[in-house]
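S.K.: The lines below spell out each chain.
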Amino acid sequence: MNKICYINSASSISSQNTFKNKNFFKEIVVSNERTTPALEPNYSEIISKISIRRMSKITKMGIATAQSALKKANIIMPDAIITGTGMGCLENSEKFLKSIIENKEEFLSPTAFIQSTHNTVGAQIALNLKCNNYNMTFVHGSISFELALIDSQLLISENQANNILVGGIDELGKKIVDDTLKLENHYKNGIKAPLSEGSHFFIISSIKTSNSLAILKGIEIYHKIFENEILNKINLFLKKFNISEIDVIILGFNGDIWDKYYKILTDNLFKNTPQVQYKNISGEFSTSSSFGLWLGLELIKKQNIPKEVYLNNIKYNKINTVLLVNQFKGTQFSFILIESAL
Amino acid sequence: MRKNFVSITGMGIISSIGNNLEENFSALINKKAGLSQTSHINTIHKNKIKVGEIKYTNNELIDLLGFDKSENYSRTELLGSIAAIEAIKNSGIKSINKYKTGLISATSVGGMVNTEKYYMSNNSGGKSKNYVKSHHAGKSTERIADSLNITDYISTISTACSSAANAIMLGARLIKSKKLDRVIVGGTDSLAKFTINGFNTLMLLSEKECMPFDANRTGLNLGEGSAFIVLESEEIINKEKKRVLANISGYANANDAFHQTGSSDKGDGAYLAIKKAIKIADIKKDDIDYINMHGTATTNNDLSEGEAIKRIFNSIPPFSSTKPYTGHTLAAAGAIEAVFSILALNNNIIFPNLNFKNKMPELNLSPVTEITYKNLKNVLSNSFGFGGNCTALIFSKNE
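Residue numbers (this note's numbering), protein chains in the order written: chain A, 1 to 342; chain B, 343 to 741.
If you're looking for bench data, these hints aren't it; they were derived computationally from the structure.
All values reported here derive from a predicted model rather than from experimental measurement.
A virtual CB, placed ideally from N, CA and C, is assigned to each residue, including glycine.
Check the hints yourself; a few may be wrong.
[As the list claims (entries may be wrong)] Calculated lysine to aspartate or glutamate pairs in the DMTMM-like style (CA-CA distance at most 20 Å, straight line):
no.	chain 1	residue 1	chain 2	residue 2
1	B	618	A	79
2	B	471	A	256
3	B	617	B	631
4	B	617	B	577
5	A	329	B	458
6	A	240	A	339
7	A	224	B	488
8	B	440	B	577
9	B	459	A	79
10	A	175	B	488
11	A	302	A	247
12	B	388	A	79
[Claimed, not checked] Here chain B is said to cover these stretches of chain A; the calculated rule only asks that three of the stretch's residues, wherever they fall, bring their Cβ under 8 Å from a Cβ of chain B:
no.	stretch
13	175 to 181
14	190 to 197
15	314 to 321
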């Protein structure tokens with residue numbers, strides 16, 4: 001039996017002004033750039049100056065949002081720290097790789113290598129908190145964050161944890177981003193959303209509090225789904241929770257040919273449901289679905305859909321149940337269902 | 343079968359001591375190590391270091407697998423596919439989708455082994471696909487899933503050198519909680535210029551064959567390889583009357599929270615993980631008959647790990663590190679050593695800790711150095727990684 005999982009806090013750093021900003025809905029920017037770097041806060045108020053210098057962008061974004069999520073939920077020591085990252089510490093990986101090649105393997109500094117492992121952010125958070133508890137990192141493209149969420153749900157069901165810090169983090173990196181863009185531009189139907197980065201942390205908890213933002217009803221991932229299966233898979237997923245109608249569907253449209261999966265949903269089952277996109281404002285990155293979840297929580301909290309992300313402008317009277325669907329080039333599918341905790 | 347145990351019904355492995363289960367077992371009992379100079383990696387450190395390298399070239403691996411030659415593969419994917427396919431065969435699985443089946447793989451190198459080849463080249467005109475598409479660590483898992491025909495739950499874990507142990511732990515939890523009926527768990531890593539240079543700058547590479555737990559140890563040898571094991575639910579075991587190789591009885595992860603790359607003096611993370619794993623297995627600590635140690639042969643690891651087991655056990659069980667055979671296979675190590683632990687249980691053999699001569703004065707402990715026959719019921723396997731990530735697994739005989 002699954003125990004109820006509450007989402008008790010959420011924190012975001014993204015290419016939008018989302019960090020500790022209550023007025024975000026009024027400040028949304030739709031960019032025409034091909035890459036949109038994150039708007040980073042002034043870290044010196046959050047992280048010690050000595051540490052900042054040694055940290056790459058992904059670690060700084062991760063630590064800042066992790067701290068903020070903990071604080072908002074009044075948690076000092078989480079029972080587990082679980083992160084998801086598709087591309088990991090790109091900045092340090094590229095830096096170390098470049099120096100290997102350019103210096104022909106001589107006179108290398110270990111610093112970039114040390115902080116290039118995928119679990120660096122989770123480890124640095126644990127180190128800062130002196131947290132000896134469960135620490136896990138999932139690294140599977142666009143389902144990296146979802147795998148972390150699934151693990152948190154499992155830990156709560158096993159009675160192994162009450163408050164879990166879960167996050168999705170990715171950074172742009174350097175040459176690999178240029179080369180990714182080259183490839184997307186080379187394809188006729190490549191990704192149109194800007195390539196971006198961000199960090200989103202949440203407290204997933206077995207305990208309902210006055211801060212609880214939503215219930216994490218369910219989450220599923222699939223390696224592959226054929227086009228003719230997607231409707232059935234979604235139906236089966238919703239059936240598990242006895243849900244016949246959802247209030248909003250959030251879809252990971254990014255402008256490439258694989259958007260056809262979302263079209264199947266918006267043209268059929270969810271034709272009359274308010275439809276929301278987000279990658280036009282968050283950009284595309286492996287863990288951009290964590291921005292999607294963060295946005296879903298904001299919709300529930302504010303009971304309002306900003307026009308920049310609203311696709312079909314249907315009238316609605318409540319936003320209590322939100323379904324998120326994401327995929328990447330016809331693989332790495334995820335369904336997340338959240339419901340107001342009120 | 344004891345309640346709440348997760349059964350292992352198959353395993354597969356490729357490492358520098360053998361291309362399959364049989365070859366690995368034979369090398370282990372014949373004390374045949376797999377360390378050599380690298381012939382695949384073009385590195386200036388070539389003549390200085392010894393590695394646990396698999397001698398097949400990528401093209402030979404593609405031939406063995408019968409894969410389509412026109413595609414671009416990373417070595418990580420190829421090694422992983424070899425081991426995973428052997429595991430499925432070894433488990434006697436005919437129809438993968440008869441039961442809800444998942445795949446959890448672990449890797450640290452992932453696609454870096456391709457990225458480092460193509461990164462600096464002119465990547466216009468779609469040429470960047472040579473590395474851009476395979477760089478993310480999940481790519482190798484997807485290739486393995488495709489060669490096994492797994493379409494639903496797949497997952498990739500990367501917590502440095504404890505990655506595969508964490509994949510095994512997660513698989514056991516998913517079976518226990520009935521989220522999956524069957525799951526193939528393990529890890530794969532190939533040697534790469536990136537990791538060789540990384541460990542070299544940290545001055546952790548040994549010029550000699552590594553000597554875990556020796557007073558004069560000089561660091562680690564890197565290795566490559568892959569191993570997967572098949573975990574199945576009680577329902578499948580009963581329905582299909584399956585042979586059970588062993589059970590996973592205990593598992594735990596804890597964080598050392600001490601340093602990004604170094605372990606704490608007293609091995610706090612290791613201590614917590616082992617203690618919890620014993621608790622979950624619901625056995626007494628004296629029930630552990632053999633420990634397959636992480637034992638990388640670095641100054642820091644062996645001292646810290648030794649201190650941790652001294653804190654836990656009143657009388658320390660026989661222990662050894664098998665890293666002198668295979669080298670340190672990083673994210674695959676936990677899976678390779680899981681297979682060795684199961685082979686130990688099945689054959690009542692403790693594999694020796696090669697190259698050991700002198701006790702570390704700080705620990706005053708001697709590992710097992712000869713093939714030792716002993717009735718084994720519970721084997722503990724340790725895996726620790728950068729970022730303080732510590733995982734302990736307990737494998738138990740099916741009785």
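S.K.: Against each hint, give a clear statement of whether it holds in the structure.
M.R.: Going down the list of hints, with the structure as the test:
At most 20 Å may separate the alpha-carbon atoms for a hinted pair to count; residue 618 of chain B and residue 79 of chain A meet this at roughly 14 Å. Between residue 471 of chain B and residue 256 of chain A the alpha-carbon distance is near 16 Å, which keeps this suggested pair within the 20 Å criterion. Distance hint between residue 617 of chain B and residue 631 of chain B is fulfilled; the C-alpha atoms sit about 15 Å from each other, no more than 20 Å. With a CA separation close to 30 Å, the supplied pair residue 617 of chain B and residue 577 of chain B exceeds the 20 Å bound.
Taking the CA atoms of residue 329 of chain A and residue 458 of chain B, the gap is about 24 Å. The hint is violated against a cut of 20 Å. A hinted pair counts as satisfied when its Cα atoms are at most 20 Å apart, and residue 240 of chain A with residue 339 of chain A qualifies at roughly 14 Å. With a C-alpha separation of about 10 Å, the suggested pair residue 224 of chain A and residue 488 of chain B falls inside the 20 Å cut-off, and the hint holds. Between the alpha carbons of residue 440 of chain B and residue 577 of chain B the distance comes to roughly 13 Å, so the proposed pair stays at or under 20 Å and holds.
With a CA separation close to 41 Å, the supplied pair residue 459 of chain B and residue 79 of chain A exceeds the 20 Å bound. Proximity of residue 175 of chain A to residue 488 of chain B is assessed by CA-CA distance (about 29 Å); at most 20 Å being required, the pair is judged violated. For the hint linking residue 302 of chain A to residue 247 of chain A, the alpha-carbon distance of about 14 Å falls within 20 Å, and the restraint holds. At most 20 Å may separate the alpha-carbon atoms for a hinted pair to count; residue 388 of chain B and residue 79 of chain A exceed this at roughly 44 Å.
Here the stretch 175 to 181 of chain A counts 4 residues with a CB under 8 Å from a CB of chain B, which clears the bar of 3, and the coverage holds. Counting residues of the stretch 190 to 197 of chain A whose CB falls under 8 Å from any CB of chain B gives 0; the rule of at least 3 is not met. Under the rule that three or more residues need a Cβ within less than 8 Å of chain B, the assignment of the stretch 314 to 321 of chain A is violated, with 0 such residues.
Checked against the numbered hints above, the structure violates hints 4, 5, 9, 10, 12, 14 and 15; every other hint is satisfied.
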